[in-house]
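Colleague: Protein chains in written order, with our numbering: chain A, 1173 to 1713; chain B, 1173 to 1713.
What the hints contain is simulated information worked out from the structure, not anything from laboratory work.
Heads up, a few of these hints could be off.
[Unchecked claim] Have a look at the derived ranges for each label pair, beta carbon to beta carbon:
(1) A:Asp1249 / B:Ala1293: 53 to 63 Å
(2) B:Ala1196 / A:Gly1547: 22 to 32 Å
(3) A:Ala1651 / B:Glu1286: 32 to 42 Å
[To be verified] Facing chain B, according to a computed beta carbon distance under 7 Å, are these residues of chain A, among others:
(4) Ala1210
(5) Phe1211
(6) His1298
(7) His1299
(8) Val1342
(9) Ala1420
(10) Ala1425
(11) Gly1426
(12) Gln1479
Yeah, the Cβ is synthetic: ideal placement off N, Cα and C, and Gly gets one too.
Below, each chain spelled out in residue letters.
Protein chains: 2
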Amino acid sequence: MSPTEIPFVQSEMHPTRWGAPSSAAPLPEAARGLVELAFGLDEQPTRTGALPRPGLAADLVASLRAVVGARHVLDDDETRRLRTRGKSTPDLLRARAGDLSDAPDVVVRPGDHEEVAAVLAWAVEHHVAVVPFGGGTSVAGGLVARREGFAGLVSLDLVRMKRLLDVDPVSMTAVLEPGLRGPEAEALLAAKGLTLGHYPQSFEYATIGGFAATRSSGQSSAGYGRFDALVVGLRVATPRGEIALGSAPANAAGPDLRQLFLGSEGAFGVITAVTVRVRRRPARTTYEGWRWPSFDAGAEAMRTLAQAGLLPTVLRLSDEDETAINLAHPDEVGGAAGREAGAEAGGAPPGGCLMIVGHEGEPDVVAARRAAVTGVLEGLGGTALGEGPGAAWVRGRFGAPYLRDSMLDVGVLVETLETATFWSNRAALYAAVKEALTTSLGDGAIVLCHVSHVYETGCSLYFTVATRAGTDPLPRWLAAKAAASDAMMAAGATITHHHAVGTDHRPWLTREIGELGASVLRAVKTDLDPTGILNPGVLVP
Amino acid sequence: MSPTEIPFVQSEMHPTRWGAPSSAAPLPEAARGLVELAFGLDEQPTRTGALPRPGLAADLVASLRAVVGARHVLDDDETRRLRTRGKSTPDLLRARAGDLSDAPDVVVRPGDHEEVAAVLAWAVEHHVAVVPFGGGTSVAGGLVARREGFAGLVSLDLVRMKRLLDVDPVSMTAVLEPGLRGPEAEALLAAKGLTLGHYPQSFEYATIGGFAATRSSGQSSAGYGRFDALVVGLRVATPRGEIALGSAPANAAGPDLRQLFLGSEGAFGVITAVTVRVRRRPARTTYEGWRWPSFDAGAEAMRTLAQAGLLPTVLRLSDEDETAINLAHPDEVGGAAGREAGAEAGGAPPGGCLMIVGHEGEPDVVAARRAAVTGVLEGLGGTALGEGPGAAWVRGRFGAPYLRDSMLDVGVLVETLETATFWSNRAALYAAVKEALTTSLGDGAIVLCHVSHVYETGCSLYFTVATRAGTDPLPRWLAAKAAASDAMMAAGATITHHHAVGTDHRPWLTREIGELGASVLRAVKTDLDPTGILNPGVLVP
C-alpha cells in the first residue's frame, strides 16, 4: 500500500495507547517468546484513573460557550481524557498508572481562524492557559503545559479545521487548515493528483498544524524536503492579533519570520493555515534493501550519495543491533525486512546493516536516479537485496508505536530519542549516546540505532531503547534520557532532530542555542503573548 | 574565465563609481551612438565634495584607539570617503554631486570576534552608532544609518577579518570570516578543491558577512542554493554578548534562530563567522543560450523545469526588450550574448527572448542533466543557440554596474530593482511594475526585465531602467521607485527578492510582514541591541 492510499483515519486515538482503540493488540505470539527470553514477561494492567475536577469557573465556561457555541465547548470526562498529554512513553506510563493530573479543564473546538482568535482574546481576558491540540502525537511533552497561576487550562482542539482552502496548480501550492491529519491532507490532495509527501512515523494521526509547529521531518524528507522546506506561507493567530507570512517563494525582505513560527510549538501563536509546496503524485515508487558490512560503511555510502547530489526519496540505515533484532523478531512490525533481507542475500549469514533506499516520481526519473544510486552503492561495496526488504519496510513504516504498547503490556519499556550532527561527528555521537544509555540503564537494556535522515553535511541518529520496566520505570527512564541528552550536548549535537522541544527537551535548549538565543525566544514570546497564556512551560526556556 | 578563476580583488572601490578606480572607463565608442540616439548625451561632471567635520569627540576617538589599537582607527578623509554609503544609483548620484553628509566620523577595523565585541561594548558605553561595513555594495541604502541622537557614527569595517577559519572535508563545511570578498573566499576554498558557488552580480566586492546579513542570492543559486541555504552556522557579536548557532545540519529544537540573523542587515549584531556548506569545484561547466518566441513561453519553460526537478545551475530569461537591447548594443557589457544568439540562430530575425542555461558539476552529471533539460526545452518549443550566448553571458556576468557609471557619465540614469512572486502571479506582477515605472518616468524611459531566479513555486523579476537623468534625477527616480514598490505590494509580491531592505525598502516592509511582523523585529532588536546603536534606521520598521 502506497502512503497516499492510506484510508482516512477518523478515529480518536486510544487514551492510553497509540492508534485507534480497535488497533490495540497483544504482543504477537511469535515475538512473545523472544521478548520473554530477553526481558521476561511481567503483565502490566492499565489502571483507570479519576479525572481532576474541572478547575475553570462555571461563568468562564459559559462565556467561552458564547464565543464558539455551546456544542464546541466540551468538558465531559471522555473528551478531557482524550486531550490529556501526548504519546511519549512517559506520557503512556502516567496514563497507564491512572494519572490524569494534566487533563484540561475544558476542550474548545474553534471552526476557523476568527474563532481561534476569539478564543485567544477570551483566554487573555480571563488569564486562562491555552494548549493547542492537533493530532496529540507529541513525544516530547508538548501537551503538558504549566497551569499554575492561571484561572484554568483549555485544550484548543483544531479538529474542526480540516479544509483544503485553496490549490494553485500553476504555482503548485496548496493552503491547508491545521487540523488535517496526514492521511486526510493526502486524500484531499490526491483527488487533485497532488501529494505533500510528508510521512513521519506519526503520519496517521499527526496534523498539518503540528507538522509546522514542530518543524517535523518525514521518512521521505530526503526527496520531498523537511516540512519547514515545504512551507511557503503561514497564517497565525496570536494574542496580539494575526500575522500572515509568505509573500514570495523566497525573498530578502529581512529575517525569515516564518522560521520563527515553524518550531514555535504553540507558544507564539496558533497556526490557522499553512501554504505548502505540493508535487504531482508519484507514478512510480520503489523501495529496496541494501546490505552493508558495518554501520560505518553504510553511513559512508549515505554521505557519498548526499554529497554527490544523489539522495533517494527515502534513505535509512539500521545499525548492526537493529538489523539483528529485525532478523530475530519475524513477527515484529517491520521486522520482516531483516528476514527477507537474509533470504534474498542468498543464504549469507545474518549480520551487517540493512539500508532502505526508496525512489518516488515519474517512471523515467525514478529509473535514472535508481540506476545512478545503484552504481554508487555497488561501487562502495553494498549488496543489493531487492524489493523484499523495501516492501516490508513500507508495510511497517508507521507500526513501531503500536508495538511499543504491546511491549509495555508485558512490562518492557520501549522508547525512542533522536539527534543529529555533522558527518565528521557521527561516529563519536553514536558511541557517546549509546554509552550514556547503556551505562544509565544497566544490564539487560537493548539500544538500537538507525540513521533516519540524511543531508549533505550530516545526518540524524534515531535510537530505540528497550528495557525491563520493573516497578518504577519512569524515574529510571528519565535518568537515562537525561544522560543521553547530556551526551548529545557534550558532543555538540542537537537535542532533537525532529521530535521538537516540548517540556522534555526544554532543560537542554539553552545549552544548544545559548543564553542569548533563549533571551530572543523570550523576547518574541513576550511580544506576541504578553501574558504568557500560550502553552506555558513548553519550548521557551 | 570560470568564476573560480577570477583573481583576488584587493582594491578598494572607487568612491563615486562601482569597481576599482582602474576600471573606470567611458562609455564604449560603439554604444555611444546608440545611447545618443535613445537619450541624447549630456556629459555629467563629478564634483568633489567636502567631508563634514568628524563629529566624534577626541576623547572618544582616543578611547576607541585603546580598544583595537591606534592603527586600526582611521579618520582621514580618504578612508571616510570610501566608507560613505553603498552603490545604489541614488548613492552614486549623491556622491557625484559631492554630497558626503553621510560619511562616518571614524572607521574602525577590528581583527577578530573579540575585538568586534569590544567595539560594540565601547559603542554602547558612549552611545555611538555603528554601521557594519563589508564590501560596501549595498544597493538598498543599507549603509546610510541615522546618526541623530548619537554621540557619533562609526563604520565598523570588517576588512581585516579575512580568514578561512576551518574546513571539514568530511562534512563538506567551511568556516569563513565575514570580511572575505567573494573571489577571496573562492580562492581560499579552491586551494582545497572546494567552492561555495555563490555569485551575485556584486561577487567581485561583496563579502561573506554581507551575503549572510542580506540573505543574498546568486546567479548560480538554482544549482547551489541561495546563501541562506548554504549557511550551516553563524557566530554573531551583539551588544548583549555572543550568539553561536548551527548545532546540526537540521533540527527541530524550536524556531530556526539562524534565520533571524540571515537578513538582519547589521541591525541585530555583527556576524563574525559563517559556517557554510561547500561543494567540490565543478570539473565541467557549460552555459548555453536558448531562444523563446515570447517571455511567457520562456517563463513557462522555466516553470516546467523547476517543477520537474530539473533546475540547471544557472537559469535566466530576458524579456523581449532586454533581449533586443542586448542585440542592439554590441559592445555593451554582456551584450555580445544577443548578437551571437542572433548569428547562431541561423540568421533568424531578431526578436523573441534569450534564456541562459548553465550546468556545473561532475562531467557525467552535467551530461545527464543537460540532456534531460535539453529534451524538455526542445519539447516546449525552445530553440537551442549553442554555447556562444552562454560564453558572452559569463564574460559579462558581473559587468552591468560598470556600465551604469559610464551611462551616468553621459547623463543617463540606470538603476535596477527586483521582486518575486508565485508562478500564477508572474505575468500580472510583470505588467504592474512595468506600467508603474513607465507611467512614473514618462516618455523616453526604457524598462527591461529578466527572470533572475527560479523556484518550484515561482520566480523573481529583475528590472533595469534607463532614463535621461536631466537636471534633478534623484527625486524623479525616487518617485518611480516608490511607484514600482507600491505596485509590488498591490500585487502581493515581495519588496525585495535579493537586494535586502536597507533604508530604501523599509517604508514598504510593514506592508509585507504586517504590523505584528514589524513588532517582532522591533522586539528582537530591543532584546539584542537595547540602546539601538546598530545600524539605526536600517531594516527595522
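Colleague: Could you tell me which of the numbered hints above are not met by this structure, giving the numbers in increasing order?
Modeller: As far as the earlier hints go, 2, 4, 5, 6, 7 are violated by this structure, in ascending order.
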